[in-house]
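Protein chains: 2
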Amino acid sequence: MNNRNLLIVSTSTVHGNGYLGYCEDTIKQFFMGVDEVIFIPYARPGGITHSEYTAIAKKKFNELGFKMRGLHEFDNPKNALLTAKGVFTGGGNTFVLLDQLQKLDLIKTIQSRVKIGMRYMGTSAGSNITGLTINTTNDMPIAHPTSLNALALVPFNLNPHYLDPDPNSKHMGETRETRIKEFHTYNSQVVVGLREGSWLKVNGNSIVLEGELSARIFIQGKEPYELTPKDDFSFLLNH
Amino acid sequence: MNNRNLLIVSTSTVHGNGYLGYCEDTIKQFFMGVDEVIFIPYARPGGITHSEYTAIAKKKFNELGFKMRGLHEFDNPKNALLTAKGVFTGGGNTFVLLDQLQKLDLIKTIQSRVKIGMRYMGTSAGSNITGLTINTTNDMPIAHPTSLNALALVPFNLNPHYLDPDPNSKHMGETRETRIKEFHTYNSQVVVGLREGSWLKVNGNSIVLEGELSARIFIQGKEPYELTPKDDFSFLLNH
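Residue numbers (my numbering), protein chains in the order written: chain C, 3 to 241; chain L, 3 to 241.
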C-alpha cells in the first residue's frame, strides 16, 4: 500500500453545517488534479436510492470543481473503477455498503487501484470499510454480508462518529467504549475512534489526524487513550 | 407456538436500581413452580466469562427463590435444555449470543421446548433473539453468526433499549428511528421498540405490554406510532 492516498473522514456533516461544508478545502486539495470523481452510493443513508444519493454528492463536488458520476451509472462498475483516478464512498449503512461491494466483486478491484495511487475518500460507512473489518461499525445489521472483512486499506479498524459517554444519561445501553472493549475480547486489531469533525490523511506510510479534536485509540489489553493532531500516528501503520 | 410462555424484557437494569431489581415480582410470578432456571450466559456483557455472568444471575435468582445453573456447566447443553422447565437468557452482545447458539446447534432445541411450554425469559440481547431475526439489534457486530435468523418465538422483531431521539444532541449518527426505517427498506417484519423498564408477556396467543412506558411500533411503509400497556397488541401475533 505504498502509494495509497486516503482521506478517512468521520462524518460528512457536522452539526450546524451543510453537507461536506466543514471539510471542503481538504476535499479540494485531496482531489486536486482529478477531473472526475466516482461516487460509491451503495450505503444508501435512510434507504434513499443510488441516484438520489449521487445527486446530493454530485451537487457538492460540482461546486468544488469536480465532475462526478455514481458507480451505479456504469454498466460495468469494475471497469469504471479500473480507470478511475479518484473515488468517494459516502456514508449510510456499513452492512448494506459492504454487502453490495461483495456482491459486485469490487473489493479486490478497489484494493488494487488504491495500491497504485487511486485516491480514495470515505465518510462514515465509507471510512469504516477502509479498515480491516467492519466489526466496529455503529450501524444496525440490516443486511448480512458474507464476511465482515473490509477493504483493509489500513491495518487497523475504524469507529467513525466516535461518541464519548454522556455522564448525564440514564440509558443502560452500552457506551461506545464498552462496545469496543467487548470487540477486543474476540479481536486483536487496534481501533481508532474518530470523532465527528476529524479525519485521517494517509499517504503511503504517512498518517496524520486533522480537525480540531483528538482521536481515541483502543489497543487490546490496554486502557484507551487520546492522541491529538500533533501526535505521531505512524505506529498504526507499522505494527 | 400455542403453549409459548415468554417474558421479553427490554433491559436487566433500569437506572438507579440493582440487577433485575425493578422487575423481580414479575420474574417470581413468571417462573412460579419452576424449581431450577437454566441461565444462558452466552451474550457475555463486557466480555465477562460464562461463569462470572452466571454468578451474577444466580445470586439474584437464588434471592428470588429459584435454583440456577449456567448452560455452560452442562457437558451436553442440548440435553440440559430438553429437560429444563425454565430458561433465562441474559443480555450482552446479540451477535456473540446468536453465534454461540448456532455453533452449539441449540436454536431448534429452544424452539421445540418453548412450543411445549418451557418458560423463556430474556433481557436485552436475550429478548432480541426471541424475534424473527437480529437485524434490529443495537449491538456492535463483534462476532459474525452464519445467519441473523433468531429463535422466532414471536413473528416480529424486537428493538430492546429503545431510545427516543435527543432533541439537544449535536451528534450526527443515525437515531434509532432512522435505523429502523432503514431496516424497513430491505425487510418487512414489524419491529417493536421496547423502552427500558418495559416488557412483553406472551402466553400462547395472548400478548401484553407491561411497565410504565409505551412501546413504539414500526410497520413497513407506515409512520411509527405508540401503543400503551392498555392497548391491544394481539395484531403482532396474528398478521
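The reader is advised that the hints may include incorrect statements.
Note that identical chains are pooled: a pair holds if it fits in a single copy or bridges any two copies.
[As the list claims (entries may be wrong)] Here are the simulated lysine-lysine pairs, BS3-like style, with alpha carbons at most 30 Å apart:
1. LYS69 / LYS224
2. LYS172 / LYS30
3. LYS60 / LYS232
4. LYS69 / LYS232
5. LYS203 / LYS110
No lab work stands behind these hints: they were computed from the structure.
Do the hints match the structure? See the list:
1. LYS69 / LYS224: neither (45 Å within a copy, 38 Å between copies)
2. LYS172 / LYS30: between (42 Å within a copy, 26 Å between copies)
3. LYS60 / LYS232: neither (33 Å within a copy, 49 Å between copies)
4. LYS69 / LYS232: neither (34 Å within a copy, 57 Å between copies)
5. LYS203 / LYS110: within (22 Å within a copy, 49 Å between copies)
Of the numbered hints stated above, those contradicted by the structure are hints 1, 3, 4, listed in ascending order.
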